[in-house]
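Undergrad: Given these sequences and hints, build the entire structure.
Chain order of the listed sequences is A and B.
Per the UniProt record's numbering, the first sequence starts with residue 1, numbered consecutively.
Per the UniProt record's numbering, the second sequence starts with residue 1, numbered consecutively.
Keep in mind that the hints were calculated from the coordinates and are not lab data.
Please read all numbers here as calculations on a predicted model, not as lab measurements.
From the three backbone atoms N, C-alpha and C, an ideal C-beta is built for every residue, glycine too.
Any given hint might turn out to be false.
Computed cross-link-like contacts, BS3-like style, restricted to lysine-lysine with a CA-CA straight-line distance of at most 27 Å [said to hold, decoys possible]: (1) K856(B) to K139(A); (2) K139(A) to K850(B); (3) K209(B) to K258(B).
Here are the simulated distance ranges between beta carbons [claimed, not checked]: (4) A344(B) to N26(A): 44 to 52 Å; (5) F187(A) to L925(B): 28 to 36 Å; (6) D78(A) to T267(B): 52 to 60 Å.
The residues making up each chain are set out below.
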Amino acid sequence: MRTSQYIIASLASAASAARFVLHIPNGPVVNPSTFPSSTHATLQSSGPPIVAHLTRSNTFNFYNVTPGSYYASVHCRDFAFEPLRIDVSLEETVEGSGEKKEMIRAWQTFVGNEWDNKGESKGEGGNGLVIEAKVMGGKSFFQEREGFSPLSFLKNPMILMALFSMVLIFGMPYLVENMDPETKAEFEEMQKKGVLGSATGSERPNPAQQLQNFDLAAWMAGKTTDSGPSSRGQSPNPASKKRT
Amino acid sequence: MRLHARALALAASLVLPCAAIFEDDAYHIDYHHALAGLPKRDTTFFQQPFPGSKASLIYTLSQKQILAAVNPKDGAIVWRQSLSGPPGTGMLRSGEEQDTVISAAGNSIAAWSAADGRLVWENTMGGATAEDLELLEQEDGMANADSKDAVVLLSGSSPEVQRLDGKTGRAKWTYTDSSGDTPFQLSTSPTTIFYISLHTPMLGGSKIKVTSLSPITGKKLDQYTLSSEGEVQSREHILFTGANTAAPLLAWTDKLNKVLKVNIIGTKGVSTFAPPSNEPVQEIVLHASNRVTSLPHFLVEWQTATGHSADVFHVDLKKATIAKAYSLPVLAGKGTFTTTSSDANVYFTRVTPDEISVVSSSSHGILGRWPVKAQSSLAAAHPVHGVSEVVVKSGSASAVRSAILYSNGQFALIRNGELAWERPEFLADAVSAAWAELPEEETLAHELEVEGHSNIISAYIHRVKRHIRDLEYFPAWLQSIPNRLLGNLFGNSQDDTIGDIQRDTFGFHKLVVVATSSGRMAGLDVGSKGKAVWNIDLDQVAPDVAFTRPSLKTAHGYIEVKDRGFEGTLFINSTTGALISSKDIEAHEPSLSEAQRLIAFDLVDGELKGFLGAELTLDPVWTFTPPNGEKIIGFTPRPIKDPVASIGKVLGDRRVLYKYINPNLVLVTAALESTRTASFYLLDSSSGQLLHAISHHDVDVTRPIPSTISENWFSYSLTIDSAADSTSRGYQLVVAELFESAIPDDRGPLGASENSSTLQPSSAMGDVAMPYVLSQTYHIVEEISHMTVTQTKQGITTRELLVTLPSSNAIVGIPRSIIDPRRPVGRDPTALEASEGLTKYTPFIFIDPKWHLNHKYEVMGIEGVITSESGLESTSLVFAFGLDVFGTRVAPSFAFDVLGKGFNKIQMLLTVVALFVGVLFVAPLVRRKQINALWTI
Chain A
1 MRTSQYIIAS LASAASAARF VLHIPNGPVV NPSTFPSSTH ATLQSSGPPI
51 VAHLTRSNTF NFYNVTPGSY YASVHCRDFA FEPLRIDVSL EETVEGSGEK
101 KEMIRAWQTF VGNEWDNKGE SKGEGGNGLV IEAKVMGGKS FFQEREGFSP
151 LSFLKNPMIL MALFSMVLIF GMPYLVENMD PETKAEFEEM QKKGVLGSAT
201 GSERPNPAQQ LQNFDLAAWM AGKTTDSGPS SRGQSPNPAS KKRT
Chain B
1 MRLHARALAL AASLVLPCAA IFEDDAYHID YHHALAGLPK RDTTFFQQPF
51 PGSKASLIYT LSQKQILAAV NPKDGAIVWR QSLSGPPGTG MLRSGEEQDT
101 VISAAGNSIA AWSAADGRLV WENTMGGATA EDLELLEQED GMANADSKDA
151 VVLLSGSSPE VQRLDGKTGR AKWTYTDSSG DTPFQLSTSP TTIFYISLHT
201 PMLGGSKIKV TSLSPITGKK LDQYTLSSEG EVQSREHILF TGANTAAPLL
251 AWTDKLNKVL KVNIIGTKGV STFAPPSNEP VQEIVLHASN RVTSLPHFLV
301 EWQTATGHSA DVFHVDLKKA TIAKAYSLPV LAGKGTFTTT SSDANVYFTR
351 VTPDEISVVS SSSHGILGRW PVKAQSSLAA AHPVHGVSEV VVKSGSASAV
401 RSAILYSNGQ FALIRNGELA WERPEFLADA VSAAWAELPE EETLAHELEV
451 EGHSNIISAY IHRVKRHIRD LEYFPAWLQS IPNRLLGNLF GNSQDDTIGD
501 IQRDTFGFHK LVVVATSSGR MAGLDVGSKG KAVWNIDLDQ VAPDVAFTRP
551 SLKTAHGYIE VKDRGFEGTL FINSTTGALI SSKDIEAHEP SLSEAQRLIA
601 FDLVDGELKG FLGAELTLDP VWTFTPPNGE KIIGFTPRPI KDPVASIGKV
651 LGDRRVLYKY INPNLVLVTA ALESTRTASF YLLDSSSGQL LHAISHHDVD
701 VTRPIPSTIS ENWFSYSLTI DSAADSTSRG YQLVVAELFE SAIPDDRGPL
751 GASENSSTLQ PSSAMGDVAM PYVLSQTYHI VEEISHMTVT QTKQGITTRE
801 LLVTLPSSNA IVGIPRSIID PRRPVGRDPT ALEASEGLTK YTPFIFIDPK
851 WHLNHKYEVM GIEGVITSES GLESTSLVFA FGLDVFGTRV APSFAFDVLG
901 KGFNKIQMLL TVVALFVGVL FVAPLVRRKQ INALWTI
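TA: In structure tokens, the structure reads:
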């Protein structure tokens, strides 16, 4: 605290051109004291940018900034900062007095927008103004490698489909057998008309056996007319022939 | 083969384009040499980072104006800062019991926190330049003990001496010298500040003028002149200005090093000494302790052509006399001396290529002696200068560690005669680099070439012979299998530990040849963390040429070296670094027939000119001059090796946009400062035809304008000038893509023709097939200093734009899909466009940290990035040089042709075993069921 007071005092006493300070506040997540010393701030307007290094008191001190409109950014290895627009102008302190003083104004700015599209004001004042540089968030450089986990395996839609059809194949016959005779007769009636029944003749009365012999691949390929068992010899994917 | 390529292309296009680095790959597939540049003699020292610290760090301000703190344990950089000012002019001082180091470079004096490199204070001196900087080592009531004041000598309109407060950097007093003398240096004694200037009359040499100033008020106390005009012709003849020694000394010599004159500053007497008479002395160096509390002893080092020796002198402060105490004998070869002080004692360490010995300043008895073990990296190099730390216990030196700069540019620490670490600081001057193939691949390519050129039978015999010869490696290969298998299974693949250069399966091992501005060349193996394989000095190869910006070109097995100030070409073997005579080369060179002559082009007198044949002759075939008085600031040709996998771009509706593919594209950048305009011209280098031109206004042309070109697209970056009333600010990235026609399924004027030529494009002469150019501009947050494109073997993998961001010290790979100029503007993409992977245009590209190739590394001062194909189609090798050296591998479409570390081989084996066990159990059950089924029918 003593040092930062001191910096402001020293700023006030030096002569000519604008001086101001960008300060990184100590946040709950971010501790600016741990930032690498390569952290620096730049003011860009025309020609080479003005560079300020990170000081011990977590500030960037700019001296002798000539009037103009500057794009200020803080470059840090680990954290991203909000960009700022800082305008430095010479203004008369009292109108008509002729005595001019530096005025510094800072706003949030948005890259990819018009320069006049300013955000919230970040400070306004004479020499020695302290502007807070806001941390937007940490930088994460690495991609997570997706390890193997049974849960992600189960999330795969292909696996889910296979599991569902397995349940259908093995579970259905038992369900049908446990049905009361009336519904069973009704179901068989339905089967004769439906998809599953279409492949069978009357010589196969056992629904369980019929379901076990059901050719899922052939059915999915849209095969409806042939009888079930004989379809095994054919290509499971007749559509592939058309492509070549 | 084509089918195979198509399958790969499908695989490449299916995966998401954003490929970041995996955490377990970082620090394994990449390497980084954080360099500082060659350390300077007077700005390198051991120092405790804070009072009471047990360990010390090596602080150095290098020739490249990099202030760095190096850990003497492992040679790692603790922190570093880049300072302003012309190269080699900075000053660095530190005092005992201080937690800061103070630097002066250009017009800026700054104090840095010694432990972490943060700025403590900075004082900018307007238009003046700092000439010298000293710390005041005294207690006078004005200074406080924990931050010593600095005295700085400034040369501006008139020289000034300022005393700066050690806590704040503000001036306490200023002394202005209006005599018109040249300011030279400062020196301090416990009671006085001495300002030394050179008074140069119209004729003859310079007189040394010493002005004593009061440290408290800065008032002039006394002034005297030493008659040195007989010897001192230029500043280099003044050897030493004792800073902060107990007895400040001023020593100078004449042009031929025939005499050594020493003055104790503050007295008028001059003592004269003669160097050893047997041989002409080439260099005289004075070594003295810089502590106030040390004994006033100093050592003079005499370097001759064949050997070196030294004399130790003692200063008697009461009588103000200097007397020679003892001599250290002549040793053949080069060596250097370092000074260490502990309490009042001063120790001198003599470092030669074979031995390190320590003597005390008071007597000539050797306190300790360690033979230096021969190192291949330091072979044929001699110590240039260094710093040492000595531990002396009961009259004998028990340990010594010396950080030595060797003549081959290695900065090494020798601990008790053993090499602890070395830093290849010469690489910090790198200005150009080129990829070279490994010798094995070169020989194989050569053999295949031989087979291709002879008739079938002899080629077959040659091939069989070659295979029989290869059998000799078979037993060794068999032996290596178990190791490789085990290594593969348990994840510690041998990739990282391969010592010598040899070809690996994936082609990750390659050589990069780097040339530096100081005329040094080195071969680095990118497969083993960028280790230097060889390191040569071009001055020894071609003694009368001063190399400043050597340009490199790779050919079969050798490197062609050219330089602006050098007429001929040097040929260097790319695997050993040996010079090859041009006769041997011509035997290799396949002779080009008359019809195969190529067009070469270069920038000549501000115009781009194309010439027939490889040599730049007088009459150009074509000349390109930019209009309106614009100046060409650079040009980028399409890379020679730039394979294109597909000639068209398939749209969402299965129609095809044909790419404009021309191997001779050159992008010329021209700028006009007065109107702040930057223009880009796309030329055909074989005909000189202008294919496309773009102009940008309100551009800050003083900032770098990097550009690159690849396949059918080019890209460049600009800085918007704030002086204009432009509506937006910051930096722009422009990407343009070339197509044969704006209409899909249309090939423009080339459509019907069987063949096409860029020289005579269609039946009508002079009618050039102009490309249809689509371009988009994006805002970016940072300046780009350099850009290039990744390269792969067949060009199937999507390319990635590699940009260097100097303010973030980063190299970023921007995926091609992000900067696709076909992104729809002002509307959401249609379903067809979305299926192509196009997203809505946004004027701003957020540079994702995941695109950073360098992740946690900070790559400073990058001047160039080069890319090369690897053995894998998915992977491109990247090498960046400049101040730092950085290398990595990138897979822009993910590593689709190699198993990554995420693939668990043990798990796979376990699954196979489990399945096998399952089969063993199930097989009898199935068999029983089958038999039962047969019996029941």
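Undergrad: Could you tell me which of the numbered hints above are not met by this structure, giving the numbers in increasing order?
TA: Checked against the structure, no hint fails, so every one of them is satisfied.
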